[in-house]
Amino acid sequence: METYQHKTSAKLFWCIALISIVYLFPHNAFAQTPDLFKMQDEQDKKDAKEKTDITTSIFKSTRLINGQTIENTGRGILDLRISHRFGFVNTGSYNFFGLDQATMRLGLDYGITDRLEVGIGRSTYNKEFDGFFKYRILRQSTGKVNMPISISIAASGVWRSLKDTVTAFPINYSDHFSFSSQLIFARKFNDYFSLQLVPTMVHYNIVPTKAVKNDLYSMGVGFRQRLSKRVNLTGEYYYQITQLGGYTNSASVGFDIETGGHVFQLFFTNSTGINESSFITQTQGLWGNGGIRFGFNISRVFSVVKPKNLAKTNY
Amino acid sequence: MKKTTLLLFFAGLSFGLHAQKIFSTTTGQIRFNASSPLEQVIGINNQVDSKMVDKTGQVVFSALIKSFKFDNQLMEDHFNENYLESSKFPKAEFRGFIINIGTVNFAKDGKYPANFSGTLTIHNVSQKVSTAGEITIANGAPSVNGAFKVKLADYGITGSYIGGKIASEAEVTVNCKYQ
Numbered sequence: 000m001e002t003y004q005h006k007t008s009a010k011l012f013w014c015i016a017l018i019s020i021v022y023l024f025p026h027n028a029f030a031q032t033p034d035l036f037k038m039q040d041e042q043d044k045k046d047a048k049e050k051t052d053i054t055t056s057i058f059k060s061t062r063l064i065n066g067q068t069i070e071n072t073g074r075g076i077l078d079l080r081i082s083h084r085f086g087f088v089n090t091g092s093y094n095f096f097g098l099d100q101a102t103m104r105l106g107l108d109y110g111i112t113d114r115l116e117v118g119i120g121r122s123t124y125n126k127e128f129d130g131f132f133k134y135r136i137l138r139q140s141t142g143k144v145n146m147p148i149s150i151s152i153a154a155s156g157v158w159r160s161l162k163d164t165v166t167a168f169p170i171n172y173s174d175h176f177s178f179s180s181q182l183i184f185a186r187k188f189n190d191y192f193s194l195q196l197v198p199t200m201v202h203y204n205i206v207p208t209k210a211v212k213n214d215l216y217s218m219g220v221g222f223r224q225r226l227s228k229r230v231n232l233t234g235e236y237y238y239q240i241t242q243l244g245g246y247t248n249s250a251s252v253g254f255d256i257e258t259g260g261h262v263f264q265l266f267f268t269n270s271t272g273i274n275e276s277s278f279i280t281q282t283q284g285l286w287g288n289g290g291i292r293f294g295f296n297i298s299r300v301f302s303v304v305k306p307k308n309l310a311k312t313n314y
Numbered sequence: 000m001k002k003t004t005l006l007l008f009f010a011g012l013s014f015g016l017h018a019q020k021i022f023s024t025t026t027g028q029i030r031f032n033a034s035s036p037l038e039q040v041i042g043i044n045n046q047v048d049s050k051m052v053d054k055t056g057q058v059v060f061s062a063l064i065k066s067f068k069f070d071n072q073l074m075e076d077h078f079n080e081n082y083l084e085s086s087k088f089p090k091a092e093f094r095g096f097i098i099n100i101g102t103v104n105f106a107k108d109g110k111y112p113a114n115f116s117g118t119l120t121i122h123n124v125s126q127k128v129s130t131a132g133e134i135t136i137a138n139g140a141p142s143v144n145g146a147f148k149v150k151l152a153d154y155g156i157t158g159s160y161i162g163g164k165i166a167s168e169a170e171v172t173v174n175c176k177y178q
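Going line by line, the protein sequences match chains A and B. Residue numbers are given in numbering that gives the first Met the number 0: position 211 of the first sequence equals residue 210, and the series is strictly consecutive. Residue numbers are given in numbering that gives the first Met the number 0: position 98 of the second sequence equals residue 97, and the series is strictly consecutive.
Since the hints were derived computationally from the structure, they do not count as laboratory data. Glycine residues also receive a C-beta, built at the ideal position from the N, C-alpha and C atoms. Be aware that a few hints might be false.
[What the hints assert, rightly or not] Partial pick of chain A residues on the chain B-facing surface, computed with a CB cut under 7 Å:
(1) 33
(2) 35
(3) 39
(4) 56
(5) 73
(6) 150
(7) 224
(8) 228
(9) 301
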């Protein structure tokens with residue numbers, strides 16, 4: 000009996016001790032204090048694994064020199080582009096090494112969505128009007144979705160409005176049109192170097208001779224090499240697999256210079272035309288004998304539609 | 000007796016857990032303003048992760064650099080690529096405490112001063128910061144406001160435009176409404 004009594008009081012003691020520990024000690028001593036810093040560490044680790052980081056700025060502008068790059072103008076952004084080429088350098092000092100002459104393209108590009116860009120332009124070369132669209136199919140990314148390359152599709156139509164010379168055969172209205180379709184494969188290898196491959200098909204509704212096919216294939220290659228935070232070396236070459244005849248491949252080299260609001264492109268190119276059909280398949284200048292032009296592209300962007308989360312902000 | 004003890008023990012334990020509440024949001028706002036008289040440089044991030052503990056005042060703000068949106072696409076690219084280097088350092092974080100959390104009555108609607116003190120990490124560089132802000136309790140839900148002056152050079156952010164077109168000191172304004 001005595002021992003039983005003793006046991007019970009021992010139980011009672013422990014019971015009271017336990018309860019008093021729970022209630023009398025500060026609660027956070029028992030209920031483990033949530034540590035936000037530790038939670039954030041875990042979140043950061045999880046994010047690094049589970050979030051997809053889309054690679055940006057593969058190229059600095061939507062055009063490399065003459066041709067399209069993988070980049071698009073952002074959604075709601077209007078881009079006024081002035082592409083200017085002087086005359087051939089080998090026309091000598093009388094023409095001030097080409098600076099006396101000029102050909103140009105005036106263009107307006109617009110980003111409908113972050114993936115879709117459309118644009119129109121007018122070039123002095125053959126008095127051409129052109130329109131194009133470019134759509135991002137895949138975007139290079141790291142993280143959860145690890146995509147090694149970006150892929151876009153670009154297509155353009157060109158209307159040559161230059162008056163026809165007198166020919167033995169009738170020329171229809173539709174004969175003034177040509178079209179180009181391009182797939183753009185690009186990869187940013189690191190912050191310093193990006194490369195793109197651009198298989199291209201140009202279709203002419205009319206070609207000079209029967210021997211020439213209406214569909215002309217070519218392969219473009221372009222790169223960007225960062226030299227400093229603001230200056231990039233760029234190069235672009237289009238190899239023609241099938242040709243119109245009498246033309247050479249387009250080759251260009253230049254610099255992308257970034258200033259506050261825009262990218263300024265300075266370069267040498269052997270091409271005259273500035274839309275896809277004309278520069279890829281109708282390049283005449285030869286680098287070997289100085290048949291190149293000095294040129295520049297200026298782009299000025301205007302925000303037409305403000306980004307969604309900027310518009311709804313409280314500030 | 001044993002059962003009762005355990006029951007009481009867990010009752011006490013769960014009471015202890017409820018005593019601390021973690022408030023959180025994933026739609027907080029941070030505004031980055033490095034405007035100069037020459038150029039407006041404002042980026043806004045509306046996807047800020049933030050958590051706060053009511054009792055300890057512990058608070059964390061975490062923002063993805065790439066989620067900062069600028070009016071000018073090119074400015075956004077430069078912000079990411081040339082200045083914040085977001086591909087290498089994807090996040091900016093503040094970890095610290097609201098040191099006067101004891102003066103905030105979470106049960107009573109109103110505005111309370113909040114003194115933040117902690118570590119701000121930007122561009123992988125951490126600096127001790129403290130600033131005065133505000134906690135607003137509305138219908139039992141708190142929100143915090145605060146502003147930091149961030150000297151870009153202190154965080155290893157360099158570039159020839161800083162001090163000219165871009166202010167050398169950016170104002171970072173935080174506004175988080177918790178659920």
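Each hint tested on the structure:
For residue 33(A), the interface hint holds, since its Cβ comes within 7 Å of a Cβ in chain B; the closest pair sits about 6 Å apart. Nearest Cβ of chain B to the Cβ of residue 35(A): about 5 Å, under the 7 Å cut. The hint holds. Look at residue 39(A): its Cβ gets to within about 5 Å of chain B, closer than 7 Å, so that hint holds up. Of the supplied interface hints, the one on residue 56(A) holds, with its beta-carbon coming within about 5 Å of a beta-carbon of chain B, less than 7 Å.
Interface restraint check: residue 73(A) against chain B, minimum CB-CB distance 4 Å, threshold 7 Å, status holds. Given hint, residue 150(A) at the interface with chain B, is violated; its Cβ is 20 Å from that chain's nearest Cβ, farther than 7 Å. Annotation: interface hint on residue 224(A) violated; nearest CB of chain B at approximately 15 Å, more than 7 Å. Checking residue 228(A) against chain B by beta carbon gives a least distance of about 5 Å; that is within 7 Å, so the hint holds.
For residue 301(A), the suggested interface contact is broken, since its CB lies about 9 Å from the closest CB of chain B, more than 7 Å.
Violated hints, in rising order: 6, 7, 9; the structure is consistent with all others.
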